[in-house]
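Kindly produce the complete structure, drawing on both the sequences and the hints.
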Amino acid sequence: TTPVPSVSGIEFADSDDAANILGGAIGWTPPVDVSFITGYEVYMAHDVDNSYGRVVLDSAGESVVPVGVNRLSMQTGTARQTKNEAFPANWLLVFTRTIAGLQLVAEAAKLPLYDESTAVPGFVGLSSVSFFDTDADPATIGGTVSWVLAEGADLGFTAVFGVYLGNATAGYLGPSLGGLSRGTNELAVPPGKVAFFNTHVLVHAENKNGRSADFVSVQFQAFDGEAIVTWTSTTGTSTTTSVTSTRTTATNTETATTTTTRATATSTTTETSTSTLIRTTTPVPSVSGIEFADSDDAANILGGAIGWTPPVDV
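Note that the numbering used here has the sequence shown beginning at 268, numbered continuously upward.
Below, computed lysine-lysine pairings styled on DSSO-like, alpha-carbon distance capped at 30 Å: (1) Lys475 / Lys460; (2) Lys475 / Lys377; (3) Lys350 / Lys475; (4) Lys377 / Lys350.
No lab work stands behind these hints, which were simulated from the structure alone.
What you are looking at is a predicted structure, and each value in this text was computed from that prediction instead of being measured.
And the structure:
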């Protein structure tokens, strides 16, 4: 059947800077053909499927916005919550209504709901993150970083997900790979990105006030086409899914088993397994002729210079 026309261009900027309280007006562009539409309804929900959706009332306490009025001014002090307090409101959905009833959820217009406040995101809100290196150069990386949201996660204070290189075990945050607005769960890393001494890809939740202390990370090995790691967790606990991958070509036998880390504001949990990378390609040149003569005659104390002959090709 012909789908019911949908609104587009939803806009909302929270005018109340108290955490978990919303204020202001939600606006939208109406469909070109409104002849079958009898009104509009706005819901706040946990996800794009309108899970635990709660209708948003206007300043007069009405739930239906008449045709010709393309905005809804919220009641003062509207709480950011769904019908189930265990599942925070993360999305706004605008439905059209006809004589046949409310529009299907799949056809409704949707907008990530951002709660203006002085709060920094508390938790990153991801249940898994993975990285697949598709760059053939062992010194560089490229590919796709992807993640899955955790059930029940509160994303209201998250404006973007920030993706970084770094070392999760050492607590080092390196250069940014980019930031993605909510509603997107994949970041493409162009091939040729130099990893330097970084060993992990880290994902934080961020807004203008800062980034979450909590993060998720994946350790990578820079070789072409291999699944590196998938990290999974549940709220309040940590579990690890370890992926071991082996590839044999005419010149290479490569095996990797992964390490993952999740840090929280109060603790760091590290799960470690062995990591081995065996290559039969041309080795990196080595120095030779190491020399050292201890110039300090005290026991267990050293002094003097260590010297060596550099490789022919440096």
